[in-house]
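K.L.:
Heads up: the sequence lines are chains A and B, in that order. In terms of our numbering, the first sequence is residues -15 to 481. In terms of our numbering, the second sequence is residues 144 to 647.
FYI, nobody ran anything at the bench for these hints, they're computed from the structure. Watch out, some of these pointers could steer you wrong.
[Said to hold, decoys possible] Distance ranges between label pairs, derived from CB positions:
1) W456(B) to R345(A): 41 to 47 Å
2) K41(A) to E359(B): 50 to 56 Å
3) K344(A) to I414(B): 34 to 40 Å
4) K344(A) to V448(B): 28 to 34 Å
5) G83(A) to P465(B): 29 to 35 Å
6) D405(A) to G302(B): 18 to 24 Å
7) H421(B) to L407(A): 55 to 61 Å
8) D423(B) to G83(A): 45 to 51 Å
9) W456(B) to R(-10)(A): 39 to 45 Å
10) W456(B) to S365(A): 30 to 36 Å
[Said to hold, decoys possible] These stretches of chain A come out as covered by chain B in the derived footprint (C-beta under 8 Å, 3 or more residues):
11) 40 to 52
12) 215 to 225
Glycine residues also receive a C-beta, built at the ideal position from the N, C-alpha and C atoms.
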Amino acid sequence: MSDLIRQSAATLASAIAEGEVSAVDVAQAHLDRITAVDERVHAFLHVTAESAIAQAKAVDAKRASGDTLGPLAGVPLALKDILAMKGEPTTCGSKILEGWRPPYDATVVERLRANDIVILGKTNMDEFAMGSSTEHSAYGPTRNPWDLDRIPGGSGGGSAAALAAFEAPLAIGTDTGGSIRQPASVTGTVGTKPTYGAVSRYGLVALASSLDQAGPCARNVLDTALLHAAIAGHDPRDSTSINAAVPDVVAAARRADVRGMRIGIVKELSGDGYQSGVAQRFTEALAILEHLGAEIVEVSCPHFEYALGAYYLILPSEASSNLARFDGMRYGLRAGDDGQHSVEQVMALTREAGFGPEVKRRIMLGTYALSSGYYDAYYGSAQKVRTLIGRDFESAFDQVDVLVSPTCPTTAFKIGEKVDDPLAMYLNDVATIPINLAGNAAMSLPVGLAPEDGLPVGLQIIAPPMGDDRLYNVGAALEGALVDRIGHLFIEEAPAL
Amino acid sequence: MSTDEFMPYEQAISLFEPVLGLETHVELGTNSKMFCACSTSFGSDANTQVCPTCLGLPGSMPVVNRVAVESTIRIGLALNCSIASWCRFARKNYFYPDMPKDYQVSQYDEPLCSDGYLDVTVETGEGPREFRVEIERVHMEEDTGKLTHTGGATGRIHGADYSLVDYNRAGIPLIEIVTKPVAGTGALAPEVAKAYVTELRDVLRSLGVSDVRMEEGSLRCDVNLSLNKAGDPWGTRSETKNVNSLRSVERAMRSEIERQAEVLSTGGRVIQETRHFHEDTGRSTSGRSKEQAEDYRYFPEPDLVPVAPSLEWIEELRATLPELPKLKRTRLQDEWQISAFDLASVVNAGALELVELTVAAGVDPAAARKWWTGELLRTANEREVELDALGVTPQHIARIEALIADGSLNDKLARQVFEGVIAGDGDVDAVIAARGLAVVSDDGALLAAIDEALAAQPDVAEKIRSGKVQAAGAVVGAVMKATKGQADAAKVRALLLERLGVSE
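Please construct the entire structure, taking both the sequences and the accompanying hints into account.
P.N.:
Structure representation (structure tokens):
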């Protein structure tokens, strides 16, 4: 089998299962690719080459002994550095966690291991997942494989770039306001934010507990579905995880049939503010869906205009509390421990030295929003908006099966372009944030390249809670029609690096 | 240390009316912690009963301990509270090194139990008086780790060379029981406070939810107090911590009444502050001022789902409530056929359960009461420990009573046996053997001692022979002295009279 790095996860898994290629060869090919290109892309913060090869060897041994292999056995994966992996560095893109090696595996990592998915390493991200460009990583930015001067999205830019640079066929991201979908959109890859509670958060270092969700990323819809199925499901260690059967996302991806479906476009997410090529590719995608037999209808979600405001109160509030534990007392960085400083001073100096400016900004915002006398006006009001947005979605899903929108207003912007303008950066997530506030499921998949810059454009599909299978059904149908049209996935057009 | 002035108690009470309040923290006796599966057992090596969750490691998550919720509901029911059909945990945010996450998972405006009461009885010169202490709330939270400060004079964090943290205690389930302000107790405020904590402790013990040991910290009490002049609004309150025994509850409140009365009557202003009680001096010192109230930035804990006990579950738990102490006391008074006053003396001695267990071990109620509220209580008071910490068990008393009944021991010897048991010399029979405490029952030895005593006091012998039987006491006393108390006095007397040929 030639060119192992350009294969889909499903193809690799079946080749490994059939003995056409060894898992070790597959892992090594990807490790070699990382060695060749990652100096330029910087998708990885830490490559776990040794344990990856050991895992691959175990898969080969399993096969040799006649054991049945799982649907993704032996397939390599890039893991966002926000998930605890026993004995390996887990930095969340922050200096404050430099040197910390968790003594335990996140539930997602346990499930990856149980599915014999080979973990290649930990990917770069905006510090504590705060950002939309991966420029806020304390370890330097990740570059977009489509154009190394551009951002790969964020916060999960490392995971998306690893896919687009063919360093891994699978990746895990986490999505608090768009951190899986926006990077997928700007790198021409696929990423799903599952229903809140569908994938365990145990071992996912919390940014905003009520919004965070880990999810699957890949270069095509079926691979994403296979990974989704591998990591989803109830976990007694996460009280907020849903105790119900996972929708059959793999079957849905294979079904790929939108005939008779009602697909909604959200009035409040249409209109001005989109780059022309983004709007154009989105409109074309709608036409394709209609052509495939879906009915396109417009619905209104009147409270979406308050989503960004509510999000930037709830997220910083929860983050200010979740990040309090990084105080230099137990793990990670400790500053000022010279016998001259009090414990309060050591805590303050550690946080001063260990956190970057965006993290500090949000901790300040959140601390303020939760303060006595301001709580009702800020956190309290934001929670009410959240309820109203949930109702908007409910009434929309009374009318349609899924909603669609462009994932992002623009294609990948230039590194440095928005890093000093937090508001401009925040506006990137205007279409992705309402989904996290309501706990819905959503996917971004590529629907073309913008004519003006040749960069990928993503379309977002939104489903009601526990309707994750609908994303894969619609996504696979659209992807199939686009491949029929041009003969390959858009990702094939990415530069060779 | 303290420069406080104090007004004599009687005078303070004649000028001011106290309003008291109590916040009690109870460590639940669950096997595992509030939000993880770690053991709660006491006394293990530091930081050995920890996991990612109770260490607050990045990515870890809490899961609520069902037994802790059940215990809290049972406490709420026993305290006549309403049980919330839906409530949440909240995060209390503040930085401190004994807090693994720098926030404590607690409950804020949505406690599991609220609006209950506990009736307590206080003995007064005019007989018993009952007070109703209203309970505002009973809520669940997690304990913090334990800090040990090394170096420095005070044992506190400021001035220490270094500090050590043991997170074994972090995450142990804590229940906080908060009373509403209690007014109208007048001079009895300290007694009411003590009676409340005592009754609460007995209720918790009867529920079996905690070992409620104040000295080990599984029951901790903060005493709130304010004073006002009759007819005036309530005054500013102080909160006294480090009140680690029932006796201290009473002393701390009395001392605080005396202190605040002096402050107020000399034109001063009571500061809203936390004070620390000192067992040795019986006084408190000023701690952290709460004038600028700390902002804990409470918000609902997003890592946990709401606790929503069903009515069926609550009723199931209600059915598991034991006989509560007040009803039990009524029953025991009846069974033991004693007066309310006698029962109160047993209760005040903290001996109710011990007497009950001793009776259950086969001892006559009167004898059981006599030992626990007499000799043993005296010893406990001398040693400043609780009765049940003496090391004497109901079984010991049962054995001693059996030996008295068969004539092997008398009361005086029995007291010596108790001394031995308390000294840790072993059980009853071991102490008797080691100290040679058996009653001298050999008639020959006793007669020899009698003859010797008669020979030493020939005039007394003559008196007895002439019919003055009451003079026999002097001879019996001499015999008892000669046998070092190890004889049965009645038997000595009988032998003596027989020897002299007189009858009663």
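K.L.:
Please test the hint of 39 to 45 Å on the beta carbon pair from W456(B) and R(-10)(A).
P.N.:
57 Å, violated
K.L.:
Using the beta carbons of K344(A) and V448(B), state whether their distance is inside 28 to 34 Å or not.
P.N.:
31 Å, holds
K.L.:
Cβ-Cβ distance between H421(B) and L407(A): within 55 to 61 Å?
P.N.:
Between H421(B) and L407(A), where Cβ atoms are some 56 Å apart, the hint holds.
K.L.:
Range first: 34 to 40 Å. Now tell me if the beta carbons of K344(A) and I414(B) are that far apart.
P.N.:
Holds, since K344(A) and I414(B) (Cβ atoms, about 35 Å apart) stay within the stated range.
K.L.:
Within 30 to 36 Å: is that where the Cβ-Cβ distance between W456(B) and S365(A) falls?
P.N.:
The hinted range 30 to 36 Å holds for W456(B) and S365(A), with Cβ atoms some 35 Å apart.
K.L.:
Taking 29 to 35 Å as the stated bounds, is the beta-carbon spacing between G83(A) and P465(B) within them?
P.N.:
Violated, at about 53 Å.
K.L.:
Does the stretch 215 to 225 of chain A contain three or more residues whose Cβ lies closer than 8 Å to a Cβ of chain B?
P.N.:
With 5 residues in contact (Cβ-Cβ under 8 Å with chain B), the coverage given for the stretch 215 to 225 of chain A holds.
K.L.:
Does the beta carbon distance between D405(A) and G302(B) stay inside 18 to 24 Å, or does it fall outside?
P.N.:
48 Å, violated
K.L.:
Could you see if the CB distance from D423(B) to G83(A) stays within 45 to 51 Å?
P.N.:
46 Å, holds
K.L.:
Kindly confirm whether 41 to 47 Å is satisfied by the beta carbon distance between W456(B) and R345(A).
P.N.:
Holds, at about 45 Å.
K.L.:
For the stretch 40 to 52 of chain A, does the count of residues with a C-beta closer than 8 Å to a C-beta of chain B reach 3?
P.N.:
violated (count 0)
K.L.:
Per the hint of 50 to 56 Å, is the separation of the Cβ atoms of K41(A) and E359(B) within bounds?
P.N.:
Distance hint for K41(A), E359(B) holds at roughly 53 Å.
Of the hints listed earlier, those the structure fails to meet are numbers 5, 6, 9 and 11, in rising order.
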